[in-house]
Each structure stands twice: as C-alpha cells, then as structure tokens.
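Residue numbers (my numbering), protein chains in the order written: chain C, -16 to 657; chain U, 48 to 364; chain A, 10 to 228; chain G, 625 to 784.
Some hints could be false.
One-sided and incomplete, this derived list gives chain C residues near chain A with beta-carbon spacing under 10 Å [stated by the list, open to error]:
#1 Val133
#2 Ser140
#3 Trp259
#4 Leu521
#5 Met525
#6 Ser529
#7 Cys549
#8 Ala553
#9 Thr632
#10 Gly640
#11 Leu646
#12 Leu653
Hints listed in this document are in silico derivations from the structure and should not be mistaken for laboratory results.
Built from N, CA and C at the ideal position, the CB exists for glycine as well.
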Amino acid sequence: MNTVGAALAAAVGFAAVAAAAGMWLPLRARVPVAGACTAALGAAGLAAGVAALGGRTWSADLPDLLPLAGVHLAVDALSGVFMAVAGAVVLAVGVYGIGYAGGHDLSSRGVQAVLPGFALTLILVPAAASVSTFLALWELMALTSLALVVAEHRQRSAVREAGLWYAVMTHMGLVLLLVGLAWFAAGAGGESFPALRAGAAAMSPTARNSVFVLAGLGFASKAGMVPLHAWLPRAHPEAPSHVSALMSAAMVNLGVYGIIRLGLDLLGGGPRWWWWLVLATGAVSAVYGILQAAVATDLKRLLAYSTSENLGLVLVGVGAAGMFNAAGDRPLAALALAAALLHTVNHAAFKALLFCAAGSVLHATGLRDLDKLGGLRARMPVTAGLFAVAALGAVALPPGNGFTSEWLLLQALMHGLAVPGVSTAIVLPVAVAAIALSAGLAAAVFVKALGVGFFARPRSTQAAGAHESPPTMLAGMGLLALACAALALAPGALAPGLVRAGAAAGLSDVRPVSGEGLQLRLTQVSGSLWPLWIAGALAVMMAAVSGLTRGLSRRRRRTQARLWDCGGGAPTPRMAYTATSFAEPLQRVFDDVLAPEQDVDVTPVRESAYLVERVRFHSRVPDRIEHRLYRPVLNGLSNLGIAARRLATGSVHAYLGYGFCTLVTLLVVLAVMQ
Amino acid sequence: MSGAGAAAVVAQVVGVIAGAPLLAGLMRQVRARMEGRAGAGVGQPWRDLRKLLRKEPITAAGTGPAFRLAPLLLVDTTAVVAALVPLASTDTPVSDRADLIVVVAVLALGTVVLALAGLDTGTAFGGMGASREMTVAALVEPTILLSVFALSIPSGSTNLAAIVSGAVDDPARLASPAGLLAAAALAVAVLAETGRLPVDNPSTHLELTMIHEAMTLEYSGPDLALVELGAQMRLTVLLGLLVSLFAPWGIATTASWGALALALVLLAVKVTVLGAVLAAAEVFWAKVRLFRVPELLAGSFLLALLAVAASFFLNGK
Amino acid sequence: MSDSAYTQLLDLACGAFLLAAVVVLWRRDLATAVRVFALQGLALAAVAALLGAHEHRWDLLAVAAGIGVLRAWALPALMRRALAAGGEARESQPLVNVTASLLTAAALTLLAYAVSRPLVALNPTPATRALPVGLAVALIGFFILVTRRRALSQVVGFLLLDNGITAVAFLAASGVPLIVELGVSFDVLLAVLVLRILTTRMRAVFGHTDIDDLRELHD
Amino acid sequence: MSLLRKIRDTGRVAEPAPPRPEQEPPAAARELGGSVQVRHVDAGSCNGCEIEIGAAFGPVYDAERYGARLVASPRHADVAMVTGPVTRNMAEPLRRTVAAMAQPRLVLAVGDCAMNCGEFAGGYGVEGAVGDVVPVDVSVAGCPPEPDKIVAALRSVTGR
C-alpha cells in the first residue's frame, strides 16, 4: 500500500467523515466541519496525484464491493495528472465553500452531504481500472453533480430547466459510453483495462472505430464539445458557484481523460481519421465557444463558454498527439500530449479561481449580469485583484499561466509539418489559426469581464451595495491564485510528470519537454520559454520606466479631477460601456455565425398612430447550434410523440392487436432469416 | 560574447526609446512635405514629450490602478520586446529567450492593459476605444501567428535569432513566395497592431473615429507622455522586427564590436527608410470604416495561410 | 411402455391439444368454449404424464396431476360460475369473422412450424418434434385474446396462451422445475380470479361484459 | 499615380515663415518649450473665426511648423483657443474645459467677440466676453482676425 494507496484511502475516509458531518451535525457546525473535511479530502487526492506523477503506480482489486464484477482500481501517471488537478480544485473549493455556503440555502443537509461525494468521485474516476468500476463512478459523479446543480431550485425556476437539460444530456452521454465500452469489453473479451488493452488489437476495425466514436461522443459531451455542449452554458450559471467551479475545473477534464485513456492507451492509437475528428471538434468548439463567450452578458455563462473553448484547445492538443502517433512520430506526439495536459492543469487553476470570484460577486451583489455590475474594484478590491490574476491566466498572455501551455501547444502544432502526409499540412495551419483566433477573442472576453464587471462606477444599486467576501472565500481563492502564480512562473516543475503521463498513455519515452525554463528538445524542434525571466524582465523594466518618468517629470503631485465630460455635466454610470456595447463590434463582425436576434416593438399612443408612447428594444444572441441542431431534434421527437398518441384509441382490442401484430411479424422475420 | 551582446541589448533598448520619437517626427515631416506643408521638424515629438513631462499629472476620479499602471506597462512591454528582438545582433545573452510567439504575446499584453485602462475611466469614449481595440487585436492575432508559423518552417524553430540568422545565411529564402507572402501578411498586421492609417487614424480629432486615441483621452502630463512614447516605440520595434526578418543584411551575427556598430547604423538607416515609405504611402490611404477592417485582416490572414502552404508545398519539407 | 406406443399416444395428445384450441376459436358459444378448454387441460396433463412415465420421473407425474386438477377442473369451474352468474352465453359478433380467424389460425400454425424448425433440429426426439403444436396453441390463444369481445372469451384466450406456453416447456425440456411450475400455475389462478372480478364489476356497471366499452383510457 | 504627379507639381505651398514675434511669451508658456497642444472651444462664435483658424492650420500658413497642434481632449491641451462671446449655456462648459486642462495652461481669446463681445455685446443670451468667464492670457483682435495674426499669437506662445 504505497503512498498513492494510502492517500486514496485517506481521501475516502475524509469523504465519509465530511458526508457524515454534512448529514448529522447541527447547522452552525455543519458547514465549517464539512468544508474542512472536503478540503482535507482534496489534499489527500492531490497527494495521491502528485505521488502517481512521481512515477509510483498502484492498483487494487476489491472483488466484493461491486456485486457482479468487483472494483478494480489502478493509478498511473496519466490518471495521476487528473487526480492531482481534481484534488487541488477540491481543496481550494472546500475552503471556499465554507464561506460561500453560509448564504443561500446551500447549508442544507442535502448539499453539504452530497458535495464530498461528488468531490470523491472526481478523484476516483481517473483511478478506475475496469469498465464496470469506471461506469459506476461516472454515473455516481453525474448523479451527485445533478443533485448539486439543482441545489438552488427553490429560488429560481431556471435552475429546474437547467437541471433537466443537464440530466438528460449527461445520461445520454452515459448511454453512449455504456454502449461503447460494453461493445469494447465484449470485443476484447475482458472487463478490466489490462484485458481491454490485450484484446484491443484482435478486434475488427469496424468494432474499434465504432467503440471509439461512441465512447468518444460520450466523453466529448462531458467535455462540453460543440455539438453536445448545450448543457454547459445552462448548468454552470444555475449551479452554486463553488459547484460550477468544481464542475468546470475538474469534471470536464475527465472527458479529456476518457478520450486519452480510451484512444491512446486502451485502443493503442487507432487510424489517423479518429484524431483528425478529435482535433476538428476541439478547434470548432474553441472558436464557437469563445465567440458565444464574447457576446455573453451573464458572467457565469461567459465563463462556461470559456470552459468550452479551453477544453477545445486541450482536445486540439490531444488530436494532434493522436495524429502524430498514428503517423509514427512518437516524440512529437508526446510533446503535443504534454501541451494538452499542461493546458488542462492551467485551465483548472484559473477557471476555478474565475468561478470562485464570480461566486463571491454573486454572494456580494446577488447579480450575475455584467451590464448591471461595475464599480466592484473599489468595493471588493481583493476579489477584483484575484479575478485579475485569473483573467491574466485566461487571456494566455506572458506573465499568466495560460500562456505557457498555449505556447507549448503552438510549438507542437507548428513543428508538426515534419510529419509526412498532405492532411497534416492542411489541418495544422487551420488548427494554429483557430487557436490564434480563440486566443485573441479570449483576450477580448476577459477584458470585457474584468473591465466592464469590476472597473468604473456601479450601474445598479446592488452593485453599489457590494461588500468584500468573508475571509474563508478569500482564503480559498488565494490558494488558487497561488497555484496560478506557481504554474505561471515555474511550469518546468511539471515537465517530468507530464512526460511520464505521456509514456503511461502509450506514447514514446523520449523526453520532449524538460523543466527548468520549459525547454523543448526534439530532433527537428528546438525552442525554449523562460516565463520566470520574462516576468522578471517586465518587473525590472517597469521599475526603471517609472523611476525614469518620476525623475524627469517636474510636477509630481497628482491632482484629482472630474472625468472629462465634454463640458456637458458629470457622466452618469449609464453612459459607460456595458458588456453588450463592448461586444457589439465583435457581434457585428461575426453576425452571420452568431445570428443575433433583435426585436423592436413600438407602442403608439392610443389617440394617434404617429405619436409613440413607448419603444422597447430587446436583443438576444441565441446559441445557434441549439437552434439548428437541438430544436429540430426536439420538435421531431415531440411530433413523434403526438403521432404515437393517436395510436392510443382506448380500445383494448387495438392494444392487444398491436402486440399480436408485432409478435407475428417478428416471428415471420425470424423464420425468413433462417 | 557577453560584453558585446549585453551592449547590443542596451543599445537596442536605448536606441528604440530615443529613436522612436525621431522616427515619428520624421514620418510626420515626410507627410507634411508631401502635403505641401512645411512640417514641424523632426524634433517636434521630443519637444512634445519634454513639455508633457513637465506638465501636471491628473488622475480622473473613480479610476483605479489599471488607469495609472497602463502607460507604464505599455512602455515597459515595448521596451522588453526591444530588448528581446534581434534588431542589431542575433548573438546576445537574451537571444535564446527571444521567441517570436513570446514577442507577439508581450505586445498583446500592452494592448490589453491599455484597453483595461480605457474601460477603467468609465467614460463612453474609453469604452468605445477599448471595445474597438480589442476587436481589431482579436482579428489580427490569427494573421500574426500564421505568419510566425510560415517564418518558423525554414529554420525549424520559432526562436527569432535562429530565424534571422537563417535568413542571413541564405537570402534566397526571403525571395521565395513564402517569404514574400509572410512579409505582406505581417506588414498589414503591423499596420493594424500599431493603429496606422488604413485601420486607425492617429492624428484624428473626431472622437467617434478613434480606436487607439479614444482610450487615452483621460491621460495628461507624464502619463500622456508615456502613452505617446509607448505608441511610437511600438511602431519602431515592429518596423525594426519587419526589417530584421525580411531585410537582415548587415545584422551582427558575431558578437564583435565593429559588427555591432555597423549593424546599429544600418538598422537606423533601414528603419528610417521603411518609416518614410510608410509615411509616404499613408498619404494615399484613407481610414477604412471599422466594419471593413475585418475584410482587410481576412485578406492578410489568407496571405499568411498561403505563405504556410507555399513554404510546405514548394520546398516539400 | 414401448417407444412406438409412447410416440403415438404423445402425438394423439398433442393433436387433441391443438384441436381443442381450434374448436375454441371456432365455436362462439362460451359454455362449449369452457368445456373444450377443460378437455385441452386434460390433453396437457396427458402430455405431461406420458413424458413422466417415459422418463420415469415421478415429479413430472405429480406436476401432470396438478395441471390436470387445475386446468381441467378448477379453472373451468370458476368460469362456469362466472357464466352462471348471468349475462349472455354467446360471443357477440367478434372483430374478425370466424372463417377469417380459422384461416389465420392455419397461417399461425404454419408460422409456428417454420419458426420452431431450428429448435427441433437441435435435439429431434419425439417430444421436441411436437413442439410447434405448443407454439401454435400459444399464438392462437393470443389471437383469441385480440379478436374476441366478451370478457370471458378473453379469459379463455389468456388461458389458452398459458397452456401453449406450458406445453412448449414440457415438450422442449420435459417440464420446468417444480417450483417454477407451481409459481406459474398460481399466477394463472390469480389471473383468472382477477378477471372474474373484472367481469362481475363490468356486468354491474355496463350490464354486459363487452370489452369495447372500456374506452376512457385514452387522451 | 496621378496624385504622385500632382504632389510633385504643387511642391511646397507653405509661405516662408515671417520673422519671430519679439514680444515675450507669457509666464506660463515658458515651460512649454516649443510644443503647444491647442484645444479649440467655440463659446458662441459665428464661425467666422473658425474658418480663419482652419486656414491658420492649413498648408499655406501652416501653424504646425511652429509646434502647435490641435488635440481632441483638454487633458492633452496646454492652450484653450476660445472663439466667440461666451453665451449663457456655454459659460459652465467653458469653465469645465479650462478646469480639465493640466497646469501650466493658457487661454487664447481669438476675435473681437472673444475680447469684448464684439457685435453681440449686450445680447440677452450673452454672458460676457471670454475674459469675464476665464482668465485670458493672449488675445487676437479682428473680426475675423487674419490667419497670420492667429499664427503670430500661437508663435508667441510656442516661442518658435
């Protein structure tokens, strides 16, 4: 029972204690104790992940725990990455939850008991080593997260609708997963992952392709990829913020883990078109997600779409890794996979912090709409500062942590041309363009979120009445900010772990990335990134420039003055740019992709049609894919339902007749088919 | 190596800081002469900066740290880029850290911080400028990164020193279609990034047509000096980058003092010529409506994509 | 008991079994239907007894006796009491006229033979060769359920279906374990009780037991 | 290319610079050191002075060669070039504009209306001359003043 096993056991123990505390302790003690135990659970998960990243593998079989097939657990470096990420996020969110759950009705027994369960499943899913264990934990995760998503349904009716969407789509994904993995287990003649690995080669290509596509669709919908992303921008805004932080920073990564484990490790790579599909979905999700984020005015909906974008970038990395592996260039594949994993870690850090900050804004003002916020920097300086740190990570610019992984991803794609084949020559530039566009738009999105949301003056009474969040929330967010800073300045520390994870996923053991300044050493690729040096240079140069200007300028006393109002009287907060107006140029540039809807209704005065009493303008940017894809499907189903209702005539004979006819036709078919 | 290399870095930074206003003055002078005016002389920008440094700094009520730090960060990021980019010599202590993607990202950081400052004032013009600036910056990003991709193919790395020394070794690479296409794409991207004429008119007075200028309406005194210096330095560094990428003759590849001095002189000449050509060309251009800018950027994106395709299909890497 | 006698008796029993089902389909009069159903119960008991004797398994004989008691005497008695409680004795105009139903019964029997050919090929003993008969009776029972209007004929159809299934069980695998047999029989008994209560309530409400009046169960 | 040929043919349009005005620049202008950014404020003018100011910054008189430049925001400006009598509704905006300018700042009153309400003296809508609303440092007489007088006034501020 090496450190990984001990840590996991501790995690399970803490989860049990936390759940017990959540259920039975009185209200006042319940939230702190449950929160503390959840944080300890996260710490244990983090320890397990880091130990696994250090190279220690561990496996365990508990035959009697799950009735038929028993529980098989195995932890290697690849699952270590995702366990460490989940553990760290659970640790921070556990601490944050103590302060956040105080308000709303999140301190009820149900929520406080289910949260540790959800956190535990997040840590255990990467450790599953057999199809039945994996599916059991996956379903447990889906159920607990659903219970948490609808935690606030008494307050807002939209929560119920979001919960419905979330439940239906997660379980449709589970069905796909179930069919895919069952087919795989049947084809490979074994249920545990080692058996699957052994049997995968013997399976027929059609079986392998359909297993990958089916299970891949299930995992892609969990990762929020575009055609199946509709639940993400609905569930995240309605879920309590610390739950959506957990979901966005840890749960969606498991979709990526699934694709890597299934595609690269269990199925052993597969043909090139698989990975072209993964890359294409990732790129399309990245661009579409960030476009929707650019025009979103609800802060948490914006962050949810940004999750879809970042996961898209990760899948571009995974797709590239698969393509290079399929073309035989294993070191480059290891590099692309390392980039994808590093971006997953970075995204988890800054996205969790963003959601926690959005939660503390919601906690303080009760608002999520950026158009009504504003002026929070003066009233909530610490939250604004932490949001800025996370936004710096999210815009993927140098001192931030998002930049290191995006740089690595671009290096992997840019040096993919050495791989023979025309398809890579066409796919890679388009992928680089997609990443670049999404990075550019991400910058616009987070300037909007930070600038419109926090700066200038408040545009509503609630925003004006905002107050700083309680200390535990700030502590939770502080932990995440430290993680962001550490990842930004010293990503090299993660390099050996990522290389081991790549090897565990079946790629080469050549060390593409080395630590100490995140150098790149490959046969035809050379390049190095010195994030610490860049941050240092920026700081030194800043000091020099400010010293120089202070020295040269004659009048040093700063005077306060009113804003320049073109002489027409003090500008009211309503004149400032809101999220909608900020996004208007982008919306107009991409209007054929976004298809915004605007309706103006004019109510004339009763006496004469020429005198207008009131003009109401309403503009909305619907999610076009939902309109084009989901609505027809739902309409089709409801028409089918209506048609089926006509069958129910009420006569017993008709019903018996239907049964009889189907039986007879089936028998005829059976007879004919012999 | 370190003596001459370090000197090269210092020379580059000082050269860019000192030379940027002169280049701006020269461009205004060329433009004035072509418009028949006498022009205010090349030293006018320096006089403006000196006067602004003497004036009283005013901070608008209700603005936060973003408003105060943005001018510093704008000059700071451009100065760090000036240190990184191999304008005068490719063999400097920082040349292995000069990655083209890092350079592009550091410049983008300056744009983002200035946009945040525009929003921080809370005035209508600040928000408008920030929104337009971020839209243009978001649309320029694909073009720049694809031209970086095209440039990195022949030398196998995105490290600037490797690209430039590679270009110095075999100049045929620059005449190849890939090189020309990448140059055209990067040129349009530089115009958009620095807010020159087709995209944004730097010398406009009508607030509604501004992009870059609208964010800085609230600055005065030393802050305004830094903002103007930052804009001019950004133009100089990017023109220098274009010159060292596509006309690298005379750049010092060895760390000898003589080569360094020659390289500095040649750099100044080349950037001056390029600035004059840009100023002359601007006389013929008019500012494009904001919603025709995406067409311009889409065109340059296509050029960059063709550059990548050309470099792949032609030399059959 | 010599093999040839055993096979002849078995075929005789199965023939009677199938014939009873056809006669129930043919005759519209409910009393005769119940009587013929009792005969079919006896035929089924005979099949079970023959199998038990042939394979010298005493539990089978006990099961055969149980079936005989239940399906030849108990269920018909219950149905006769329901008939005696009043109401019409004849089946009103069924949905499918008698000739068409007889032709359908023929088609169903052919279908049963076609479908069970692979089953018989598995282990061609005299018992399994008669398997299609059980399947045909089950299908005919289902057909009666679908096409007849009277509640009582529905009961008869249901019981025919069950007899068919039990016959298939016996012929294919010489009977199901005792426990399963007991369970099934008990279910059948319960079903008949429920249906009997249904008929009495229908008669109380509608005055007749025509199924078509149960129309409210739709939107 | 016809534009290029036109540029070559027209050549320099700006007239040779007249000698520098010998009067001392006002106290506040000494720190400007040859670079003046001007913010034009129309406080109720009949637009005659605006045309002349336009001519002053045009190619012929070319006030820019002496270091003067029109800017959009008073924050950037050193000189507020005010034209026309100050009407009642422009009084407060004019005060706010001058207050928004960073020290050292000057006010340049252009035209008779700015100096002493000119034609519109005593009008019911007129608050007074520019001098009554904000302290004036330099003033240019004339209705409208010739462009070279405006350029001379600007040169007295820039000192070039």
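Taking the hints in turn, this is what the structure says about them:
1. Val133: Nearest chain A Cβ about 30 Å off; hint violated.
2. Ser140: 27 Å, violated
3. Trp259: 45 Å, violated
4. Leu521: The hint is violated - Leu521 (chain C) has no Cβ within 10 Å of chain A, the shortest such distance being about 70 Å.
5. Met525: 73 Å, violated
6. Ser529: Status violated, d = 76 Å.
7. Cys549: Status violated, d = 66 Å.
8. Ala553: Ala553 (chain C) check fails; min Cβ-Cβ to chain A is 64 Å, beyond 10 Å.
9. Thr632: With a minimum Cβ separation of about 6 Å from chain A (threshold 10 Å), the hint on Thr632 (chain C) holds.
10. Gly640: This interface hint holds because 5 Å falls under the 10 Å limit.
11. Leu646: Interface hint status for Leu646 (chain C): holds (7 Å vs cutoff 10 Å).
12. Leu653: 6 Å, holds
Violated hints for the displayed structure, listed by number in ascending order: 1, 2, 3, 4, 5, 6, 7, 8.
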